[in-house]
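*Asks:* Residue strings, one per chain:
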Amino acid sequence: MPFGMKTLGVVAAAGVGTMALYYKAAHCQVHHARGGSGRRSLYPASANYPELSKHNNVMASNLTPDIYARLRDVTTPNGCTLDGCIQTGVDNPGHPFIKTVGAVAGDEESYEVFKALFDPIIDERHNGYKPWDKHPTDLDFTKIRGGNFDAKYVHSSRVRTGRSIRGLGLPPACSRAERREVERVVVDALGKLKGTFAGKYYPLSNMTDAEQEQLITDHFLFDKPVSPLLLASGMARDWPDARGIWHNSQKNFLVWINEEDHTRVISMEKGGNMKAVFERFCTGLLQVEKLIREKGWEFMWNEHLGYVLTCPSNLGTGLRCGVHVTITKLSKDPRFNDILEAMKLQKRGTGGVDTAATGGTYDISNADRLGKSEVQLVQEVIDGVELLIQMEKRLENRRSIDDLIPPKK
Amino acid sequence: MPGFPGNNELQKAYDTSEDYPDLSKHNNWMAKVMTKDIYAKLRDVRTKSGYSFDQAIQTGIDNPGHPFIMTVGAVAGDEECYDTFADFFDPVIDKRHNGYSKDAKHKTDMNPDHIKGGDLDPKYVLSSRVRTGRSIRGLALPPHCTRAERRAVEKISVDALNCLKEEFAGKYYPLSNMTEAEQEKLIDDHFLFDKPVSPLLTCAGMARDWPDARGIWHNADKNFLVWVNEEDHIRVISMEKGGNMGRVFKRFCDGLNKVEELIKGKGHDFMWNEHLGYVLTCPSNLGTGLRAGVHAKLTLVSQDKRFDDILDKLRLQKRGTGGVDTASVGGVFDISNADRLGFSEVKLCQFVIDGVNTLVDMEKRLEAKKSIDDLIPTEKKN
Chain P
1 MPFGMKTLGV VAAAGVGTMA LYYKAAHCQV HHARGGSGRR SLYPASANYP ELSKHNNVMA
61 SNLTPDIYAR LRDVTTPNGC TLDGCIQTGV DNPGHPFIKT VGAVAGDEES YEVFKALFDP
121 IIDERHNGYK PWDKHPTDLD FTKIRGGNFD AKYVHSSRVR TGRSIRGLGL PPACSRAERR
181 EVERVVVDAL GKLKGTFAGK YYPLSNMTDA EQEQLITDHF LFDKPVSPLL LASGMARDWP
241 DARGIWHNSQ KNFLVWINEE DHTRVISMEK GGNMKAVFER FCTGLLQVEK LIREKGWEFM
301 WNEHLGYVLT CPSNLGTGLR CGVHVTITKL SKDPRFNDIL EAMKLQKRGT GGVDTAATGG
361 TYDISNADRL GKSEVQLVQE VIDGVELLIQ MEKRLENRRS IDDLIPPKK
Chain A
1 MPGFPGNNEL QKAYDTSEDY PDLSKHNNWM AKVMTKDIYA KLRDVRTKSG YSFDQAIQTG
61 IDNPGHPFIM TVGAVAGDEE CYDTFADFFD PVIDKRHNGY SKDAKHKTDM NPDHIKGGDL
121 DPKYVLSSRV RTGRSIRGLA LPPHCTRAER RAVEKISVDA LNCLKEEFAG KYYPLSNMTE
181 AEQEKLIDDH FLFDKPVSPL LTCAGMARDW PDARGIWHNA DKNFLVWVNE EDHIRVISME
241 KGGNMGRVFK RFCDGLNKVE ELIKGKGHDF MWNEHLGYVL TCPSNLGTGL RAGVHAKLTL
301 VSQDKRFDDI LDKLRLQKRG TGGVDTASVG GVFDISNADR LGFSEVKLCQ FVIDGVNTLV
361 DMEKRLEAKK SIDDLIPTEK KN
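Sequence lines, in order, name chains P and A.
With the numbering used here applied, the first sequence covers 1 to 409.
With the numbering used here applied, the second sequence covers 1 to 382.
Just so you know, not all the hints are guaranteed correct.
Said to hold, decoys possible - Capping the alpha-carbon separation at 35 angstroms, the derived lysine-lysine pairs in DSBU-like fashion look like this:
1) A/K48 x P/K99
2) A/K12 x P/K115
3) P/K224 x A/K41
4) P/K295 x A/K41
5) P/K295 x A/K36
6) A/K195 x P/K99
7) A/K12 x P/K54
8) A/K25 x P/K224
9) A/K12 x P/K200
10) P/K347 x A/K266
11) A/K155 x P/K115
12) A/K266 x P/K54
13) A/K266 x P/K115
14) P/K224 x A/K266
Claimed, not checked - Okay, the calculated bits of chain P under chain A, using three or more residues with CB under 8 angstroms as the criterion:
15) 149-163
16) 173-180
17) 236-245
18) 304-316
To be verified - If you want the footprint, here are the derived chain A segments under chain P, 3+ residues with CB under 8 angstroms:
19) 52-65
20) 203-212
It is worth saying that the hints were derived from the structure and are not from the lab.
Glycine included, each C-beta is placed from N, C-alpha and C at the ideal position.
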């Protein structure tokens, strides 16, 4: 283990709060750009300020020349720079369907050291979340009400999140050794899961053709990212080294290792039993957390940002709880987008964030990630989807949905 | 590399063996040369501009192989790389350039009067082109430069180009501010270069901040062209339809020599030394950085099973007419010098002139259904 981790292991025993405070004190010192970046100071910050006139992402909307000048020569203790964080936003001016964030964190400290930029990004992206706000974490699935949708409309239910291993660089900036350490730590923990969670790890590097076929058929296989949003940030380096997929034998609890985040945890099944999906999600996630703590590791978390992930859009819960639902008639109603917005829901095509819907079947999920707990978000999706189904049924019977339209919040 | 510069402090907490890349499926020069010892020695070293060994080899790790050519798999982020990481680059250069020792001296000769002949048969030679690259000393190379440095490259180059006169007088078209009309025209002229899509280039970080400080300059006659901040600081191209390679090379040398004079007048230099010649981003372009080539119709000789061996002996290389990543179409090949380092510009251009003449002679013989046996070279030119 690297030198820092032994100390962290001791502190971990004292509890999460202590860990968070210790970590913040010891690791969030600002460093000034060393060595070669001295050449940067040959040019004033203004000479290096990016050309953002054609850009429409959250970074470009918030990176003033002043903020850039203040942060350009500063680095995190691990050496991450602001230029590194914003490269993806400079290289990708916009996206056809969504306003992208345009910045990533290279490590946990990035959010602190570059807060002059990340705070306004987080504010804009997360509905006015302030630097002094506290984020609630709640994985108590027993609080959920309802959540068993009509399978005639809801074809599948899924909950995903991400988790980062504290002390290791994030995918845009990590070294190969760190990435392999993430793999070791997580796979070691997953290997100890039992009962309905017992499963197997399939490293991308050593996959047989047969295994690959099966994973593709199960819709589990993830491939090297092709999206320029991800490539430009450096997350695809060294592919497929230390990348892999773990899933349980029942194929309803799945973990991606070292894709866009250290880990992505997914619970899913066909049909509409979101309640069961969320229960499995929470139980599995909490077991994994317990197992990594036994080895002296922790997830990146603090009481302001909740779980810390690579993309600012996934801070807080990192949670996307969604269904594939057929709402052919409702989706043609001119009020559809407003209805979704009022319910804090988001639509995507069934191929994911970069696709459009086909044949009236949509991916509907929570729009929010930060400022509300996991339980709150899942309940919002459950209540929202029930209402969408109710509206669809009304329209099928040629009845009005006027009384069902939620008021704009 | 895209994103973060090479100063990951946390990395040092791990032994170099834990960071050693998995190269088991790789087939490029970097993978062939790399050893655990070399990596251990160089992992924590940085050039003065802060470039790391990991950054230099990232493109080779991310691109295990290429269908048509043995790629290099490493780039330089600045001039110093070739020295700071000499334990790695020396063997790569040696292998890539057919045996070039670390003590060898490279000869530069940009005098077009030294060329013999050069008027190739236009019935077979459809177009002639000479290109090279140049780097502005003191500024980091495309994989590593900051936006400020890239903009400085643009300013220095364009200031010099705008002083050129007569046959070389021309205009600069920055990629950022191009009008639709200008873009159409440049596409029609086959001058426009676009953001690289090849993962060989994007993985090395050269496409960062596109299209900032990138552009195309060309003279009014459209036969002398400069690309600014694509794969190298500048790429200089002289080209015209038909077979007058001699004239193309003369224009190439005259234009480039004038540009060098102009930048020196402002206190700048091209990166050059007597071992590696002109220093460019990719080790494959060291020395002359020169590719002199023709598009030639060689339908019959290209189908002869000795074709590849003939080319090899003539020190020539074939490509499709779409460039290095394409295959040939309709019997028309891009034929150019295979070497870059260890031979001067004049020598390489002469190889192309002499070699293409031989190939055209062979083609004519085969058209007349006569044998080419006596024309086949028995040993490699040098």
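*Asks:* Output the indices of the hints that this structure fails to meet, ascending.
*Replies:* 1, 7, 10, 13, 14, 15, 18
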